[in-house]
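Read off the chains here:
Number of protein chains: 2
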Amino acid sequence: MKEKLYIIKIGGALIDDEELLNEFLEQFSDIKEKKILVHGGGKLATILADKLGVEQKMVNGRRITDKDTLDIVAMVYAGGINKNIVAKLQQKKCKAIGFSGADANLIKAKKREHAEIDFGFVGDIEKKSVNRKLISKLIKLKLVPVFSAITHDKKGNLFNTNADTIASVIAQALSSKYDVELLYCFDKSGVLEDVENPESVIKNISEEEFSFLKEEGKLHKGILPKLENALGAVKNKVNKVFLIKETELKNHIENHHAGTEICL
Amino acid sequence: MKEKLYIIKIGGALIDDEELLNEFLEQFSDIKEKKILVHGGGKLATILADKLGVEQKMVNGRRITDKDTLDIVAMVYAGGINKNIVAKLQQKKCKAIGFSGADANLIKAKKREHAEIDFGFVGDIEKKSVNRKLISKLIKLKLVPVFSAITHDKKGNLFNTNADTIASVIAQALSSKYDVELLYCFDKSGVLEDVENPESVIKNISEEEFSFLKEEGKLHKGILPKLENALGAVKNKVNKVFLIKETELKNHIENHHAGTEICL
Chain A
23 MKEKLYIIKI
33 GGALIDDEEL
43 LNEFLEQFSD
53 IKEKKILVHG
63 GGKLATILAD
73 KLGVEQKMVN
83 GRRITDKDTL
93 DIVAMVYAGG
103 INKNIVAKLQ
113 QKKCKAIGFS
123 GADANLIKAK
133 KREHAEIDFG
143 FVGDIEKKSV
153 NRKLISKLIK
163 LKLVPVFSAI
173 THDKKGNLFN
183 TNADTIASVI
193 AQALSSKYDV
203 ELLYCFDKSG
213 VLEDVENPES
223 VIKNISEEEF
233 SFLKEEGKLH
243 KGILPKLENA
253 LGAVKNKVNK
263 VFLIKETELK
273 NHIENHHAGT
283 EICL
Chain B
23 MKEKLYIIKI
33 GGALIDDEEL
43 LNEFLEQFSD
53 IKEKKILVHG
63 GGKLATILAD
73 KLGVEQKMVN
83 GRRITDKDTL
93 DIVAMVYAGG
103 INKNIVAKLQ
113 QKKCKAIGFS
123 GADANLIKAK
133 KREHAEIDFG
143 FVGDIEKKSV
153 NRKLISKLIK
163 LKLVPVFSAI
173 THDKKGNLFN
183 TNADTIASVI
193 AQALSSKYDV
203 ELLYCFDKSG
213 VLEDVENPES
223 VIKNISEEEF
233 SFLKEEGKLH
243 KGILPKLENA
253 LGAVKNKVNK
263 VFLIKETELK
273 NHIENHHAGT
283 EICL
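So the protein sequences, as listed, match chains A and B.
Quick note on numbering: the first sequence equals residues 23 to 286 in my numbering.
Quick note on numbering: the second sequence equals residues 23 to 286 in my numbering.
Honestly, I wouldn't trust all of these hints.
Covered stretches of chain A, going by a simulated chain B footprint (3 or more residues, C-beta under 8 Å) [what the hints assert, rightly or not]:
id : segment
1  : 113 to 120
2  : 123 to 136
3  : 187 to 199
4  : 219 to 228
For the record, the hints were derived by calculation from the structure and aren't laboratory data.
The beta-carbon is built from N, C-alpha and C at its ideal position, and this holds for glycine as well.
So that you can see chain A by itself, here it is in the shape it has in the complex:
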């Protein structure tokens, strides 16, 4: 039987709330099984860009990462946020070790190709982008990898990469060796049937149901990429995938049922 491995993704809103983040990291530290944390950005990069007069560039409603923006996100994500999370986990006796994808070539990306838009320093990744051998060795040393959403191309360039995708792709890559459970933590109790009603959590969403809900326009736009990454994971042999509320991590681990499960 494969050993259990939790891969847990947290987002910007949690990172921006010091008290909530601290409570989450406490629950994360308490997980007895092997684990990996993946974190997104938060408002700090935007605030810094504003203060430094670096404009957010958009083309056809899509965000562009120019060189100045890349420099800011690399500093903020891989430096400020990552090292603060690592220091806080170390305080809680969790053997955290922080990474960008450039470190030890852990996640190699390709510059995003698009017929019409040049997204700038945005990297796309696949299952084979992940250095799973080394991640497994680090986990065996009882370390807890903490990934920021920065990757590289092995040609000297850093890239901004979606943190939900990083979590999904790491989960896929490690599923041949571990019994992986991927948890997307966010500020809702799960995927809601009615956004206005926090009690209306959908217990399970399959690929078919996802297509149906999407076509019916029943899903909040912000949840779509997360669900696509979650589905990508289950389609690529990740054993379990859930969307759960950040404050429910401990409850989910102990009672196996909080949130929305994504399945085939």
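Based on the hints, put chain B in the right spot on chain A.
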């Protein structure tokens, strides 16, 4: 016989010069033996602090690291500079992996204690501060650790720590296991007898000669802390310690004689 390990420190002026940095990283990548890189800061943190209106605080001529300054140096050193160096080394087929002292508790520091001045978030370290077991394991995995000058206290705080001291202390900690050669790279050909004459390199400086030169006022103020860290290393069983010119790294490694050797 112990295996050879180079521990190489580079400073801010090199980091600020893209072309020179690139040439140095090329020479560093070519080193066949086991190796570790330690890097300082450069002007970027100061430029950023200026732009963000964070004042540099000085007390009795000593620099203070307040919380805002710490947030900036953690971002710039452990994020921007460290990840850019790692990405560039990966491009050159060097298996670089970037760290702050918080990562895997690699370097634990104590807040600097001083009778009169509160230095803020400045951490002091000793030989025993270094997690040498894990660094050895990483080196055995053929990885090349790249350290930024950020440490932590295992109580959740990050600290600004002198990069020369980090290099010295890592060298001391690893000398029981490796035949360590510590190289301080800077913009001079070595310690100069006459600052105006770049040819006046002193070949060897012993502890006694250092005291003499210091008392006579013959040493440039900027070189004193570097020499003190270098002497600290030789006094604590580091096999060889040199101060060399950055562009002379390859020459030093191949011909064993560029720069100033520090000895007992």
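For each hint, the structure was consulted:
Restraint check on the segment 113 to 120 of chain A versus chain B: 5 residues with Cβ-Cβ distances below 8 Å, three needed, restraint holds. Closer than 8 Å: that is the beta-carbon criterion, and the segment 123 to 136 of chain A has 4 residues meeting it against chain B, so the requirement of 3 holds. With a threshold of 8 Å between beta carbons, the proposed coverage of the segment 187 to 199 of chain A by chain B is violated, since 0 of its residues qualify and at least three are required. Look at the segment 219 to 228 of chain A against chain B: 0 of its residues bring a Cβ nearer than 8 Å to a Cβ of that chain, fewer than three, so the hint is violated.
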